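Take a look at the letters that make up each chain.
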Amino acid sequence: MNKIFITLFVSLVLLGSSCSDFLTVNEVNPNSASKVPAKLLLPAALKNIAANMNTPGNYDFVYLWHGLWSISTGYTQPTALMQYNLQNTSYQGTFSSMYTFGQNLTEIENGSSDAKECNYRAIAMILKAYIMQNLVDIWGDVPYTEAFGASAGILKPKYDKQKDIYEDLVKKLDAAISLIQKAPIDATEIPANSDIMYAGNMAKWAKFANTLKLRLLVHQSGMTGRDTYIKSAIATTASVGYLGAGEGGLVNPGFLNSPGKMNPFYERYYKADGTQQSDGVTYHMGGKDVIKFMKDNADPRLSRFFNGTLADPTIFDGNILGQDLAQALAPNKTSYLGYKAGNQNYMVGTFDKSAPLLTDFESLFIQAEAAERGFITGTGKTLYNAALTQSCIYMGLTSTVAAAYLASDKASVNYDLASNKITLILTQKWVSLNGVAPIEIWTDYRRSGIPTTLTFSSDPNKLSPTPPVRLLYPQREISVNNDNLVAVGAISAFTSKIFWQNR
Amino acid sequence: MTSGDDGTSIPGVSVVVKGSTLGTITDMDGKFTLKVPQGAKTLSVTFVGMSATEVALTSASNYKVVMQSESVSVDEVIVTAMGIKRKPKEMGVATAKVDNQELTNAGASNVMNGMAAKVSGLQINTINNGVNPETKITLRGNRHFLASNQALVVLDGVPVSATYLNSINPNDIADVNILKGSSAAALYGNDASNGVMIVTTKKGDKGKLTVKISNITTFEQISYLPNLQTRFGSGSGENQSNSDNNYTFWIGPDRNTDPYTSYENQTYGPEFNGQMVILGGKLVDGSYQMVPYTAVKDQKKNFFNTGISMQNDISVSGGDNNSHFYLSAQDVKSTGTIPDDTNRRTGARMSAGRKYGIFSADYSISFTQTSTSVSGGDMYQGRGVYWNVLNTPPQVPLTAYKDITGNPFATLDGYFNAYYPNPYWQIKHARNNTRRNDVLGSVNLTLKPTKWLELSNRSGLIYNGTNYHNRKDEAIYNSYSQSDPWSQGHMGVSSPYAGNSSDQMNNSLILANDFTATFDHKFNNISVKAVIGNSVYSNKFEYIYDAANGGLVVPGLYNISNRFGEPAITQSTQQRNSIGAFADFTVGYKDFAFLHFSGRNDWDSRLTKANRSFFYPAADVSIILSQMFPSIISNNVLSFLKVRGGWSQTGQISLGDWYGTLPQYYSAGGFPYGGTAGYALSTTLSNPLIKPEKTNEMEVGLEMSFLKNKIHLETNIYQTKTLDQTIPAQISAATGYYSALINAGELDNKGLEADLKFTPLLNLGKVTWNASLNYSYLESKVVSIFPGLDEISIADASYIKVGEQFPAIKVSDVKRTPTGQIIVDPNTGQPVKDPALQQVGHGNPNHILGISSDLNYKGFRLSATAEYRGGNIIVNAVGNALDFTGVSEHSAQNGRQPFVIPNSVIQTSPGVYTPNTNILIREASRNFWVNSDYHNVQRTYTTSAAFWKLREVALSYDVPVKQLFGGNSIQAAQIAVIGRNLLMLRPKSNVWTDPEFNTQGPTNNAVGYTTEDQTPPTRVFGFSVKLTF
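The listed protein sequences derive, respectively, from chains A and B. Heads up: the first sequence at position 453 corresponds to 470 in our numbering, and the numbers run straight through without jumps. Heads up: the second sequence at position 971 corresponds to 2025 in our numbering, and the numbers run straight through without jumps.
Chain A with its partners taken away, still in its complex shape (with noise of 0.2 Å):
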């Protein structure tokens, strides 16, 4: 009997221990992906960066700084922004999360080294000029040279010049414009459900690379002596056109009524269901001076722009970011930012609503600009009239309407009547980009000083008469990356310029 136990205990125990394949079952993820292709890659970078684009959160100091919005006085009111007291800390996130949409960009441009792949790395080096240039925008000398490096090693990416960045991705898009235009015959076509801003259209990504690079160079035109530089550059590509009426690069991956997967813009300020998010549409409200300036002109936009107040639906008004809430506008008396239950064209939007990267009126007001100063061919007039029609189309108006409104007396909106046409282009550009690009509106008044008529913060405590003219370096970079800081050299927020700020 003792044999039989034996034999039946070692048997169990053989069976007990003995599996093939048991060491390997961690080398498969059953939860996510170890490699994905570029179709899949392209929908989530151009989805994220729209995203982070649209979120009233990362930029809303731009509209607060430049008499666009205010705080309800309904709520304890943004001391640090009213103060212009910038740290560390403040609006961080973009920095990181602009980086590591660009990683996926160059896990796209390494994966589409193949000739027939040239559409997909041409829209990741194009996004990824995109990125950069908001970087550039943003914080200046940022690391680019050594970005993207940390499958190379690179934990510590040194900072590279701002002046050096622009001229390199001013290379970069003429680069990319001409891997579009000598694609093969057998290229790969992208499809609509990859490409969730132009389908696969890759002659419309050409003219927003274009467009991208005239940005680039416009905004570089109150440097001394840049000119030549300035019209060289444009003139290599100055065939690809830039983007006109109904070609702005708008993202929609098809967002649905669904908790994350709204137009974060109008996520920030409505639910699903309808109803409001708490703090939202309570806590961003009408800034004075654009409300101003838009009554003053008999502006048809306005009531797009921002709604009437709760108190008197015909009323439109706003506050000044830091006045004395003695003096302040209750939050029934202010106008909060526009919205029309399932209407697009109103600031707040639709859940569905595409997130734009560049409109065709941002393109053409930039275009308007570049023909006023002398880069482009083109008249400003026609340019800056194209750009306002679009501007009042994209806010559901009719062209009609946008044309009474250019045949206006006054010479704030009527070209012909503006003593100085830039002041004009910039004004309203200043007007139509609310809410739909912050950091153009913050470059373009930095650049040029363009409204010339904004308040800024009434706080007695301000640390500047006018805004920041940068934001400084991430906390995070200072804990981790702090010897190539170093190099770059002491930043203030007040007087360590963007490179194309020449005033």
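One thing to keep in mind: the hints can contain errors.
To be verified - As a list, the in silico BS3-like pairs of lysine-lysine whose alpha-carbon atoms are at most 30 Å apart:
hint : chain 1 : residue 1 : chain 2 : residue 2
1    : A       : K398      : A       : K221
2    : B       : K1887     : A       : K514
3    : B       : K1576     : B       : K1409
4    : B       : K1869     : A       : K479
Unchecked claim - Here are some chain B residues the structure puts well away from chain A; computed CB gaps all over 10 Å:
hint : residue
5    : D1081
6    : G1084
7    : T1107
8    : Q1343
9    : H1378
10   : T1389
11   : R1490
12   : P1609
13   : Y1713
14   : K1804
15   : Q1875
16   : D1888
17   : N1900
18   : S1907
No wet-lab data here; the hints were simulated from the structure. Bear in mind the structure is a predicted one, so any value in this text is a computation, not a measurement. Here a beta-carbon is modelled for each residue, glycine too, at the ideal position from N, C-alpha and C.
Got chain A; can you put chain B on it based on the hints?
Okay, now just chain B, sitting in the frame of chain A:
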């Protein structure tokens, strides 16, 4: 009764008629008298430290008994790693044992609570109150920066997670062997570095059938609320006269406070004066409520219920020479201090075994179901019930709003508070329900073909299935609330809530098999014990989560299909397998010198092939000097002396994600949108080269007994160094990643442990008093993290900081002088926030002292356990919340009148300070306590975390049932009154809460931070009845 050592008489010796409970103890002179029944044949004589002996009864009436002292103090078997049984004298490293009696003494329904303060080196924290509280359990502190530091629990030979102990019936446990250091535990391989608790469940004893029935009923009450003020009522500066509902706006005589605001949650209004005021607003029908403007007595305390817990147990056991069995069932039903919170745990266990010659088989199986229902976050800001209670000004008759349907002022719209919901409404309309099923089974087969060889195979299965079902009802306000009647942002305006329902189903299955072959032989003076074996382990964990995030359509139907929009769904599978091979070798010389080695090699699937195999060595030595040199105990002061020492190296794979060596692309946020999918790369740079964290531990110990083993002292000093920590090191985001997973950094611990036992401390014949003390000192130090990185945030205020103890607590602070005085503005008297966080201490205690006392008189037994902890600090973030609401005494300490900040200074020139004696904080009410930097910094609410707690008190009486009822049916009966956490002493500065609490879960290493999510501490008292048949 005399001692064989020196012939002196021994008092306090137990003399029992064998086979009965009839007995006595010897008096001061060592004499005893006992009437024995007819037919009694033997007296059984026992005394601690002496070998038990028996005396055959004859017709004589006088007996002289000589007792011999035992060669070692406690000669029992210690179950060590892999179930290897070793004698205490062989052990070269520290172990301890807690038996069933100690565990269940004060009726704890949770095993861990029953162990607190009883053993040195062991720290048990109840991290929050509740009907099913979570506990955190560490042995000799923390060894890992980010991975769990919870001790490994081995239940009947099967490794389980420490949280599993919550589902076990403490009455089923025979004992818990604690292997404090990683040395003793090294044979468990990968998970052993945090020390091991070996839990052995009861088996049926030889003899007749025993049936035990018991009931424990306990009551739980809030013991300490934060200190609250009773002087001021509602007000937050709103100008209610400007609104359309101008009822009772008035400014108190004190211009420093805010006007009374009828709907306000904050309590910065005028001082109470007893006049009648309107509370809240008018209802749609025009009705309104008036209350006296005075504090309601015990208003917040009365919100909490007395929780009741009923614990019913039955067990049946028995056995003979070749077999044993044990059956038990338990039901624990509890209600909580928060109304409607309930928990019910029902379980059954069965174990049995049988021996056939050289072969024996044992098995055990248990099943437990635990159902918990607690209130969830509210529908407005997701805040807990306690927060909404705290946001109730003192004049509000809070308990009057219990009837949320009958009382029109208790409804969503009728409730006075414009900003926070009625907590009673929340309790009914936001519920988090959990149901957990646990099955544990093990089969142990043993073959002993010869005297010196034993083959053993144990297979274990642990299944856990947990379902979470959380629901929140819709909160739809009437048009009146939505119209914002006070134009100040009524919550009805901004947040009608559409309801939500979410489910999560977890299941985990662990299969483990261990085979050991044990050779045990003695060659003259040399004893040799060798064990070789292998171990196979597989752990698979899966979960699926869904939520109707867009809101529920049909109210009250909590089903994922009943929703607006897209559901949230996530799913995950994690699996890991490992194989281990080990050997354990003990050689003893003449029973007084022992040398022990062990080694284990693991192959673990979580690491890539190159790093998959790793080895853990351990060695220890034990020398019993008192036996080696008997002369040293000849003076009768010292009776036992042993020195020992051990060293080990253990490893732990600390990959949070078991697939962490692979690059990971996730479905990006929001995706898929219908047919559009999108993927993004993880922001953590994966690392295929990750290897285990290595813990080197060294310890030496001394065991001594004095005065015939009446005093026993055991001390250890140890040092652990844990290297190659697995950390997601933050890297420059410009790399495209936020962090990179690397092996770097070192955490060291140094510690001292001492256990002193007096058995007895005092013996007065019928009264015996045993006492014990245990003390642990632990100092940790973060030696390094990663070049260029000197700190990592864990969570809350906890940091890993080079050169500091672990975890360092860093808090925001106001600017101070180098000596710590607060620098204030010379004009306003206000302190200014320091932009840099300040490190002000650390989160884990350096000192833990446990004291137990056990007083016996006849059948009565009074026992108590107390514990002290100190050396650490805690951030009472709840203090900030309380000052925000203004209900705290802290915020009323100056009567809301202008005051000078104590111990403040003014800077006259750089680095030169003069004391501030006259610059007052002028706006000393809401403006200071809600908006000032002094309020906003965490330092204001950071205090010492020291405490003394009376953990357990029990008074029991063994009813002499045999005398009363004869010995036929009932064998034993015990009744007891019990109390737990009856008393807590804290430093005066901590006016807030229990510093043992913590916001993070048991596996997170961030400690020393509490918020309003931790409800106030409670005390528990009750009674128990235990019957044995």
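Decide, holds or violated, for the assertion that all CB atoms of chain A are farther than 10 Å from the CB of D1888 of chain B.
holds (12 Å)
Are all beta-carbon distances from Q1875 of chain B to chain A longer than 10 Å?
Per Cβ check, Q1875 of chain B is outside 10 Å of chain A; nearest 25 Å; holds.
Is it true that the CA of K1869 of chain B sits at most 30 Å from the CA of K479 of chain A?
holds (21 Å)
Interface exclusion of Y1713 of chain B relative to chain A, criterion Cβ beyond 10 Å:
violated (4 Å)
Are all beta-carbon distances from Q1343 of chain B to chain A longer than 10 Å?
holds (26 Å)
Verify this label for me: T1107 of chain B is non-interface relative to chain A, using a Cβ-Cβ cutoff of 10 Å.
holds (38 Å)
Test the statement that S1907 of chain B is away from the interface with chain A: the closest C-beta pair must be farther apart than 10 Å.
Holds, because the least Cβ-Cβ distance between S1907 of chain B and chain A comes to about 48 Å, which exceeds 10 Å.
No chain A beta carbon within 10 Å of G1084 of chain B's
Given a closest Cβ separation of 52 Å, the condition holds.
Going by Cβ atoms, does D1081 of chain B stay more than 10 Å from chain A at every point?
The assertion about D1081 of chain B holds, with a minimum of 55 Å to chain A.
Please settle this one: K1804 of chain B was flagged as non-interface, so is its CB more than 10 Å from every CB on chain A?
At roughly 29 Å from the nearest Cβ of chain A, K1804 of chain B sits farther out than 10 Å, so the non-interface label holds.
Would the non-interface assignment of P1609 of chain B survive a Cβ cutoff of 10 Å against chain A?
holds (13 Å)
Run the distance test for K1576 of chain B versus K1409 of chain B: straight-line Cα separation, threshold 30 Å.
It holds: about 25 Å lies between the C-alpha atoms, which stays within 30 Å.
Going down the numbered hints, you'll see the structure goes against just number 13.
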